[in-house]
Amino acid sequence: MAELIQRSALELADAIARGETTSVEVTQAHLDRIAAVDEAVHAFLHVDADGALRAAREADERRSAGQPASALDGVPVAVKDVLATKGMPTTCGSRILQGWMPPYDATVVARLRAAGLPILGKTNMDEFAMGSSTEHSAYGPTHNPWDLERIPGGSGGGSSAAVAAYEAPLAIGTDTGGSIRQPAAVTGTIGVKPTYGGVSRYGLVALASSLDQAGPCTRTVADAAALHEIIGGHDPRDSTSIDRPLPALREAVANADLSGVRVGVVKELGGEGYQTGVRARFDEAVKLVTDAGAEVVEVSCPHFEYGLGAYYLILPSEASSNLAKFDAMRYGLRVLPDDVDSPSAEQVMTATREAGFGDEVKRRIILGTYALSSGYYDAYYGQAQKVRTLISRDFETAFAQVDVLVSPTAPTTAFRIGEKLDDPLAMYLNDIATIPANLAGVPGISVPSGLADEDGLPAGLQVLAPATADDRLYRVGAVVESLLEAQWGGPLLAQAPELGGRR
Amino acid sequence: MAEHAAPAITREEVAHLAHLARIDLTDAELDHLAPQLAVILESVASVSKVAADDIPPTSHAVPLTNVFRPDEVQPGLTAEEALAGAPEAEEQRFRVPRILGEEA
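Protein chains in written order, with the working numbering: chain D, 6 to 508; chain E, -9 to 94.
Honestly, the hints are just simulated from the structure, not real lab data. For each residue, glycine too, the CB sits at the ideal point set by N, CA and C. A portion of the hints provided could be inaccurate.
What follows is a list of derived Cβ distance ranges for each label pair [to be verified]:
#1 E:46 with D:430: 26 to 32 Å
#2 D:262 with E:66: 34 to 40 Å
#3 D:11 with E:56: 44 to 50 Å
#4 E:46 with D:289: 36 to 42 Å
#5 D:119 with E:68: 37 to 43 Å
#6 D:378 with E:55: 49 to 55 Å
#7 E:68 with D:278: 29 to 35 Å
#8 D:281 with E:78: 55 to 61 Å
#9 D:272 with E:6: 41 to 47 Å
#10 D:11 with E:88: 57 to 63 Å
#11 E:1 with D:342: 20 to 26 Å
#12 E:64 with D:346: 40 to 46 Å
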């Protein structure tokens, strides 16, 4: 069984197809793993053993009838708790949604079910996806499988940790400013933020509607491509969904080759503020890419340095508006104020939001309310939107010269739980390299680049491509993965300490 | 006001914003949040200096146009499903606290 959980999703699909194992066996192996290690990792907020095994039995029936629903039919998946799942609680890591059972499935979830993937459960996250460490979950932090004293990244730390700890071969994350890519980097896994509009947002509880995008969290680039093909593509229920077919992603992995590919190293994403070991692994990866035949040049994106500022105005503004729906009237928590007889709806709403939201959510709602208030709107939100234009133009200029851009995914490796919890600015800096992609809507992938010398923890390499050219992420990501794994003698995760005996 | 890009945000202002956002912050939260917000605002204030007046704002990453679909009836939630998560429901409706003031 131990051997099953270490295989990639495509290997598992292949083994199920050949009759070497069954979906029920694979799903049970992952449920057993969750039972064994999740007390220490806390990647899951909810585990649905019965539902997953039921879906697995159906997958096995389709397989034995020779009619698999998809390439990944029968391979289990974990879903971030920000996506609506019918029959399973959806809390967004918040008290205000404790126990909420959505009456419908998000499109991503519906597509997973239609493709035959048993859903193991819902993964932990920073409350409403606000954070870079998963410490802002109302249900307690997730621990990094590489070192349980450290953060697994955020906001999707549950999904990255579940995949890194072999609790799931696949997971879904969402990325508003880096919440798929930064957790992937600090856990030694793969994370992809698709082009904005490439994956439906229907049923994804909105943080910042103009930035949010769901995508795959996996242990191999090929698995990410396969999962991306299942969840991606046009959805009439999302008005921002791109009405065009996805590029051929698995094919891009199969034909991965860097000869003649022009790669731009972003001058502004590196250097000062980036940990020495993170930079060293990045520089080595870039050299490998050069040796593999890519044409590598340095590219300047002068406005990226304002990305963080623009993001932390745009995101709270959109969030303060999106989270206004939590009014204690139609679903979720309702708290009556203590000392009021016959309280009004407004008093109930005010008391409920005080009790139901955590510190970071309150901080950002207040910040967004401020940035949108009259007298400040032009100076803050309006200016941030202009910076967004400048950042998009930087990307346009860069992609006129090169096919993809590369940078370290995150400036540091995983920090200790608690270290930055009450220092919002230090926490926000984690997303400095990932935010520009969200502001411009372009796709990005993080692949492991190695372990930093100073702490032995994983670092990530980010690849960015022009909007709708997601295939380039897979083409370049797959080459980087295979070149580095050849050096390491196997996947980076094979170097992670064994879980179970520890702690 | 708009010229002063990084004003120190006062405790009273935070209290007012909390009221606008319908969050009943405690005194301790107000004490804690006001200086934190001031630091955050100071750090994001750089955006006010970079973009010239002639730069158009971007509200969305991809160009958006209005999207239409054929006006066909599709199954929706039943009343029971829609009310399943309600804090209180009565006669197939959401039951809410009083909306108007009690005395005139």
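Structure-based check of each hint:
As the Cβ distance of residue 46 of chain E to residue 430 of chain D is approximately 29 Å, the hint placing it in 26 to 32 Å holds. In this structure the hint that residue 262 of chain D and residue 66 of chain E lie 34 to 40 Å apart at CB is violated, the actual value being about 49 Å. Roughly 49 Å separates the CB atoms of residue 11 of chain D and residue 56 of chain E, a value that falls within the hinted 44 to 50 Å. Roughly 41 Å separates the CB atoms of residue 46 of chain E and residue 289 of chain D, a value that falls within the hinted 36 to 42 Å.
In this structure, residue 119 of chain D and residue 68 of chain E break the distance hint of 37 to 43 Å, their C-beta atoms being roughly 22 Å apart. Between residue 378 of chain D and residue 55 of chain E the C-beta distance comes to about 30 Å, which lies outside the given range of 49 to 55 Å. Checked against the hint of 29 to 35 Å, the C-beta distance between residue 68 of chain E and residue 278 of chain D comes to roughly 54 Å, which is inconsistent with it. The hint said 55 to 61 Å for the Cβ distance between residue 281 of chain D and residue 78 of chain E, and at roughly 57 Å that hint holds.
Residue 272 of chain D and residue 6 of chain E have their C-beta atoms about 43 Å apart, which keeps the hinted 41 to 47 Å range intact. Evaluation of the 57 to 63 Å hint for residue 11 of chain D and residue 88 of chain E yields a pass: the beta carbon distance comes to about 59 Å. Checked against the hint of 20 to 26 Å, the pair residue 1 of chain E and residue 342 of chain D passes, with Cβ atoms roughly 22 Å apart. For residue 64 of chain E and residue 346 of chain D, the hinted distance range of 40 to 46 Å is satisfied, since their beta carbons lie about 45 Å from each other.
Figure legend: structure checked against the earlier numbered hints; hints not met, in rising order: 2, 5, 6 and 7.
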